[in-house]
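J.: Note that the protein sequences, when read in sequence, are chains A and B.
Residue numbers for the first sequence follow our numbering, so the first one is 1 and each next one is one higher.
Residue numbers for the second sequence follow our numbering, so the first one is 1 and each next one is one higher.
Don't read these hints as lab results, they were simulated from the structure.
Some clues are possibly wrong.
[What the hints assert, rightly or not] Heads up, simulated EDC-like pairs for lysine to aspartate or glutamate below, C-alpha to C-alpha not over 16 Å straight-line:
hint	chain 1	residue 1	chain 2	residue 2
1	B	K100	A	E84
2	B	K100	A	E53
3	B	K100	A	E56
All of these numbers come straight from a predicted model, not from anything done at the bench.
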Amino acid sequence: ETGVTQTPRHLVMGMTNKKSLKCEQHLGHNAMYWYKQSAKKPLELMFVYNFKEQTENNSVPSRFSPECPNSSHLFLHLHTLQPEDSALYLCASSQNGGYGYTFGSGTRLTVV
Amino acid sequence: GQQVMQIPQYQHVQEGEDFTTYCNSSTTLSNIQWYKQRPGGHPVFLIQLVKRGEVKKQKRLTFQYKKKKKNSSLHITATQTTDVGTYFCAVALYGGATNKLIFGTGTLLAVQP
Numbered sequence: 001e002t003g004v005t006q007t008p009r010h011l012v013m014g015m016t017n018k019k020s021l022k023c024e025q026h027l028g029h030n031a032m033y034w035y036k037q038s039a040k041k042p043l044e045l046m047f048v049y050n051f052k053e054q055t056e057n058n059s060v061p062s063r064f065s066p067e068c069p070n071s072s073h074l075f076l077h078l079h080t081l082q083p084e085d086s087a088l089y090l091c092a093s094s095q096n097g098g099y100g101y102t103f104g105s106g107t108r109l110t111v112v
Numbered sequence: 001g002q003q004v005m006q007i008p009q010y011q012h013v014q015e016g017e018d019f020t021t022y023c024n025s026s027t028t029l030s031n032i033q034w035y036k037q038r039p040g041g042h043p044v045f046l047i048q049l050v051k052r053g054e055v056k057k058q059k060r061l062t063f064q065y066k067k068k069k070k071n072s073s074l075h076i077t078a079t080q081t082t083d084v085g086t087y088f089c090a091v092a093l094y095g096g097a098t099n100k101l102i103f104g105t106g107t108l109l110a111v112q113p
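Okay, chain A solo, but in the shape it has when bound (with noise of 0.2 Å):
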């Protein structure tokens, strides 16, 4: 457990599906990321929470919405999504200041 919890730990969908991605982390950091990792590519940043607030949104598709109630909680909104999105996403955390992200374990997805 690395106090970042991601959930679910797998996801099949259909492109017309409407599915959500549950992060909570329990250091309280003040910071929450999405990253997307997928074969061949390195992790590619999505969004930025800083307390709560977005402060980063990496030319993301609107077919994924994020949603930050608070700082110890972030979602990942997936509707419509197409087979290229199948990935693995990643929710990390960190204390603003430079310091290091604690990566929850993941939700490996698939869109068939």
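Since the structure of chain A is provided, determine the placement of chain B on it from the hints.
T.: Structure of chain B alone, referenced to chain A:
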């Protein structure tokens, strides 16, 4: 956009051999962090370097931040099978937000017993 390249992409060594991965950026960097991701796992923070020319050690791992602040290296002495995984550098751009990290392409290390 900003790219951070690591070389090599893949390295296969015999247990006991040394290993080095290099992290290169075309622009001046602020902080550099290193992470390790085991097969099937998630990235785990190893260390952060902030000063030009800085060298830090963790047991058999040596991390170096080059003087020009555009690249860094991770060296493992006498590799063990537990060192298997992908090693990523992650950089904050000079003058950029320290909570916006760009991850490198990674180096996958395989260690044969």
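J.: Next step is simple, just say for each hint if it's right about the structure.
T.: Going down the list of hints, with the structure as the test:
no. : hint           : in the structure
1   : K100/B - E84/A : violated, 25 Å
2   : K100/B - E53/A : holds, 14 Å
3   : K100/B - E56/A : holds, 8 Å
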